[in-house]
Structure formats: C-alpha cells, structure tokens
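2 protein chains.
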Amino acid sequence: MITRSSRMMDPRLNRLLAAIPNPELARWTPFLEPVELPLGRVLYESGVRLSYVYFPTTAIVSLLYVMNDGASAEIAVVGHEGIVGISLFMGGESTINRAVVQSAGRGFRLRASVLMQEFNRSGPVLHLLLRYTQALITQMAQTAVCNRHHTLDQQLCRWLLLSLDRLDGNSLVMTQQLIANMLGVRREGVTDAAGALQKAELIRYQRGNITVINRDGLERRTCECYRVVKQEYDRLLPATLAT
Amino acid sequence: MITRSSRMMDPRLNRLLAAIPNPELARWTPFLEPVELPLGRVLYESGVRLSYVYFPTTAIVSLLYVMNDGASAEIAVVGHEGIVGISLFMGGESTINRAVVQSAGRGFRLRASVLMQEFNRSGPVLHLLLRYTQALITQMAQTAVCNRHHTLDQQLCRWLLLSLDRLDGNSLVMTQQLIANMLGVRREGVTDAAGALQKAELIRYQRGNITVINRDGLERRTCECYRVVKQEYDRLLPATLAT
DNA sequence: ACGTGTCTGTGCGCTATCGCACAGCCGATC
DNA sequence: GATCGGCTGTGCGATAGCGCACAGACACGT
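First to last, the protein sequences are chains A and B.
Read in order, the letters of the first sequence correspond to residues 1 to 243 in the numbering used here.
Read in order, the letters of the second sequence correspond to residues 1 to 243 in the numbering used here.
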C-alpha cells in the first residue's frame with residue numbers, strides 16, 4: 001500500500017481530464033489530489049459553497065435532491081466521464097442538490113480557486129466544461145421525463161446501465177434500499193423489479209451485490225431514455241470520453 | 001399598428017437583457033429583432049442546429065421532450081427572465097428538447113453568431129448567461145423531483161404559479177389539453193385537478209381561460225418545488241431579474 | 001338559426017405504486 | 001456457534017393516475 005500503482009493514480013482515468021490538452025492539464029497536475037471516495041461520502045451539501053470540485057475515476061457520484069420530509073430523488077449521476085461541482089463555474093457557487101458517492105472508488109479533487117483560474121482563461125477548458133454541463137443537463141431532463149412516463153422496471157434498467165457504463169466490471173455493490181433512495185421509490189418496489197430482472201436472467205442479485213449477466217437484455221428492456229442520454233454524451237464529449 | 005409602442009418594443013422587458021451592462025447591450029441593440037410568438041410556435045426542434053436565440057418579453061416558452069410514442073413532458077419553462085437556446089453557448093448547438101410557445105406574446109431574437117461573438121469576449125454577458133443556465137438547471141432538477149413525488153394537484157399549482165410569475169396579469173390562455181401535454185398527464189386528470197382548484201376558489205376556469213383568484217392559496221397548496229425554484233432564481237439572477 | 005368542431009365534465013374498470021406488517025436470511029461479531 | 005442487525009422477500013388493502021367512452025357546452029362561421 002505504500003507504492004500506489006500509477007494505473008490507479010492516473011488523472012487521465014477521468015475522461016474529462018484526459019480530454020484537456022497538455023499545457024492546460026500540466027498547470028493542474030500539481031494540484032490534483034487523489035482521493036478515496038467511500039460509499040455514502042457526501043461531497044457537497046445543498047446550499048453549501050464549494051471549495052473543491054471532484055473528478056471521479058473509479059467512483060460514481062449521485063446528485064440527489066432531498067426533500068423536507070426526507071424523501072429523495074436522483075437528478076443525475078456522474079462518473080469517470082465528468083466533474084462534480086459544476087455550480088462553481090456556472091457562477092452560483094452552490095446548488096440545491098447533494099452529491100453523494102453511490103459506488104465506492106477513487107477520484108481526484110481540485111481546489112475551486114485553481115479550477116476557476118483556468119476557467120477564466122476562456123480556453124479549451126471552459127468549452128470542455130460547458131459541453132459536459134450540457135450533457136449533464138440532458139441527463140437531468142431525461143430523468144424528469146423518465147420519472148413521469150416510465151415504469152419502475154424500465155427505470156431500474158436505465159439506472160443499472162448508467163451505472164455500468166461508469167464502472168469497470170459488470171457488477172456493482174448496492175443495496176436495494178440505496179437504489180430505492182436514488183430512484184425515489186419504495187424499497188419493496190425495487191425488490192419486485194430486481195426479482196423480475198433476475199427471473200429474466202438479466203442480473204444476479206445477492207445481498208448488496210448485483211451482477212449484470214445480460215447487458216443487451218437490459219438495453220432492450222429499458223425505455224428510450226437510456227439510449228437518448230448515452231447518444232447525447234457521445235455526441236457532446238470527445239471520443240475518448242464516450243461513456 | 002404602424003407605430004409600435006416603445007413599451008412593447010423595449011428589450012429591457014426581458015430581465016436578462018435588462019441586466020446586461022450598457023456597452024455590451026449597445027452592441028446588440030441593432031441586431032435585436034422584435035418577434036411575435038404565437039401560441040404553439042416551435043422555436044426549435046430536437047436535434048436541430050440553432051440559428052437564433054430568443055429573449056421572451058411577454059411570451060412564455062416551454063422546453064418539452066417528445067417521446068417516440070408522441071407523449072411529452074415539460075422540462076422547464078422560460079419567460080421574460082430568460083433566454084431560449086442555451087445549447088448554443090453551451091457548445092452543443094442543439095438539444096434533444098423542443099421549444100414551444102406556451103403562452104402567446106412577444107420577444108426578441110438574436111442571430112446565433114452575434115450572441116456567440118459577445119459570449120466569446122468572456123465578459124459580463126458570459127457570466128450572466130451561465131448563472132441563468134444554472135437557474136434553469138435547478139428548474140429542470142426540481143421538475144424531475146416533482147414528477148417523482150408529488151400529486152397532479154400540486155404539480156398543477158406549481159405550473160400555474162411558474163406561468164403566473166412570467167405574465168403580467170393573473171389570467172392565462174391555456175386549454176386543459178395543452179396543460180396535460182406540458183405536465184405529461186391525461187387531459188381528464190387536469191380536468192379533475194382544475195375542478196378541485198375551482199371548487200376551492202383558487203382559480204376560475206372557462207374554456208381555455210384560467211384566472212387565478214387566490215394566489216396565496218395556490219402557493220399554500222403546491223409542493224415545496226415551486227418555492228425552491230423561485231428562491232434559486234432570485235438568488236442567482238440580478239435583483240431586477242427576480243421572477 | 002344552425003351545424004360543426006373544440007373544449008370540458010363524468011363514469012368505470014384497470015394497473016402501478018404506495019404504506020404497512022412481518023417473516024426469513026445472511027454475515028459479522030463476540 | 002449463538003446472537004443481532006441489516007438486507008431481502010412477500011402479502012395484504014388503499015389510492016392515484018390511466019385508457020376509454022361518451023355526453024354536454026360553448027364558440028364561431030355560414
């Protein structure tokens with residue numbers, strides 16, 4: 001554990017960082033701090049001014065809205081293709097959302113001031129971040145649509161696929177209760193839907209550990225929302241960035 | 001009809017334009033074209049490259065997603081506080097959404113190239129537009145939450161209030177079918193909910209014409225989503241811009 | 001005055017999801 | 001290897017919203 005493998009520590013594991021051209025990225029390198037992102041870690045809270053932005057590499061971060069009564073709903077998900085903390089450069093400095101680590105892993109953080117300094121040069125970094133933000137907007141919009149029109153079963157498929165796209169293997173560590181919080185539904189509903197997917201031989205589920213065994217089947221079972229979001233990410237972000 | 005009153009033609013009726021400091025706004029003035037925005041006019045279509053952006057003054061524009069099967073859902077609404085066509089400066093040049101005039105009125109349009117020229121100066125206009133975009137993102141996120149958790153009754157209240165905030169008087173021209181398309185629900189559902197609001201003496205409804213007679217009552221009846229969005233607009237946008 | 005098309009109201013069975021209660025089960029800990 | 005806490009499965013009744021069918025009401029053009 002003393003020598004950290006360079007594979008794990010390479011900022012370019014984050015596709016957004018990987019897409020930053022060299023003079024710009026070089027300016028950041030000394031300031032990019034590798035961080036552990038354990039399950040449940042809150043990266044920022046609703047209304048709090050950000051001091052860091054995060055570039056996940058192997059972790060996945062959920063942007064949630066938590067209601068007064070404690071119920072919650074996922075707005076969007078950010079993995080190795082993105083950055084957590086867009087409200088910083090968008091100018092608001094805080095959001096009404098909470099950012100929570102949904103799948104443990106690693107990432108890099110960068111001081112807000114360092115990011116803003118580069119952003120204000122109005123070079124490629126600004127344009128890259130804005131394009132990423134548009135992709136994120138698309139995901140949020142599609143989440144709204146999906147919440148309105150599609151069944152829990154389809155939404156679970158979409159959610160699994162979005163997560164899978166941001167992970168290495170084909171399994172994820174996630175209890176049904178947590179999934180229910182993300183999707184904003186009852187835990188029992190997730191049990192039902194996951195049971196159906198298991199019966200259909202699409203996933204295997206065992207105590208907080210989901211293994212996808214038929215990805216194509218999930219894609220066929222989900223609604224159009226997944227495909228729409230994925231296509232838009234592919235279109236908006238550089239090729240190496242494709243999720 | 002020959003002499004158009006300057007009141008109707010003042011770009012500063014759009015609060016975003018009003019917030020642009022003078023040297024910058026002066027550069028735009030010759031290019032700001034007043035436009036009629038009749039009900040149902042489509043300002044841009046999913047996936048189409050934008051040639052203009054729009055600054056509504058008295059009109060309200062809905063950002064909709066239309067699904068393969070024809071069903072639709074409103075993602076956000078833009079009125080005199082905003083701009084239609086953010087994907088232009090965000091870098092994507094198109095969105096998956098459609099922009100439709102939801103309430104007839106007027107506005108200004110500006111050639112994409114003129115907007116981008118100013119945006120690329122990286123001055124106050126860039127920062128203003130990005131802050132507005134963050135407000136819009138908040139609205140989209142809250143739409144997703146609201147679609148997930150709140151009743152049609154509450155959502156109708158939210159929708160009426162958001163529309164009212166962007167209009168002069170306290171009445172709006174809007175059939176139940178159109179409202180249903182926006183909210184992504186059945187027309188009969190809107191009939192029920194509107195009937196309930198009428199019975200509660202909050203609105204008066206007659207053939208495509210809604211009059212709000214108790215605004216406070218609506219605010220008390222709606223979910224937290226309305227308040228959250230409004231507060232965030234107030235926080236992010238200059239005072240004169242408050243919706 | 002009349003017809004026509006659009007808008008609004010109502011009824012009815014259906015389904016997805018909720019809310020709640022509880023039982024079984026695994027896995028870590030002592 | 002017994003216990004305990006968190007995870008998962010299941011079974012109710014309740015309800016919000018859907019899909020469909022149809023009837024009344026109003027607006028407007030001829």
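Simulated from the structure, these hints should not be mistaken for lab results.
Bear in mind that the values here come from a model prediction, so they are computed numbers and not experimental data.
Hints are supplied without guarantee of correctness; some may be wrong.
What the hints assert, rightly or not - Examples of chain B residues lying across from chain A (beta carbon under 7 angstroms, computed):
#1 Gly-70
#2 Ala-73
#3 Gly-91
#4 Thr-143
#5 His-149
#6 Glu-219
#7 Leu-236
What the hints assert, rightly or not - Distance windows between CB atoms, simulated:
#8 Ala-196(A) - Pro-124(B): 49 to 57 angstroms
#9 Ser-51(B) - Arg-220(A): 53 to 61 angstroms
#10 Gly-217(A) - Val-42(B): 32 to 40 angstroms
#11 Arg-204(A) - Ser-46(B): 48 to 56 angstroms
To be verified - Where chain A lies over chain B, by a calculated footprint (3+ residues, C-beta under 8 angstroms):
#12 26 to 35
#13 62 to 68
#14 127 to 134
C-beta: ideal position from N, C-alpha, C; glycine also.
Structure-based check of each hint:
{"no.": "1", "hint": "Gly-70", "verdict": "violated (11 angstroms)"}
{"no.": "2", "hint": "Ala-73", "verdict": "holds (5 angstroms)"}
{"no.": "3", "hint": "Gly-91", "verdict": "holds (4 angstroms)"}
{"no.": "4", "hint": "Thr-143", "verdict": "holds (5 angstroms)"}
{"no.": "5", "hint": "His-149", "verdict": "holds (6 angstroms)"}
{"no.": "6", "hint": "Glu-219", "verdict": "violated (15 angstroms)"}
{"no.": "7", "hint": "Leu-236", "verdict": "holds (5 angstroms)"}
{"no.": "8", "hint": "Ala-196(A) - Pro-124(B): 49 to 57 angstroms", "verdict": "holds (54 angstroms)"}
{"no.": "9", "hint": "Ser-51(B) - Arg-220(A): 53 to 61 angstroms", "verdict": "violated (38 angstroms)"}
{"no.": "10", "hint": "Gly-217(A) - Val-42(B): 32 to 40 angstroms", "verdict": "holds (37 angstroms)"}
{"no.": "11", "hint": "Arg-204(A) - Ser-46(B): 48 to 56 angstroms", "verdict": "violated (37 angstroms)"}
{"no.": "12", "hint": "26 to 35", "verdict": "violated (count 0)"}
{"no.": "13", "hint": "62 to 68", "verdict": "holds (count 4)"}
{"no.": "14", "hint": "127 to 134", "verdict": "holds (count 5)"}
In summary, the structure is inconsistent with hints 1, 6, 9, 11 and 12 from the numbered list given earlier, while agreeing with the others.
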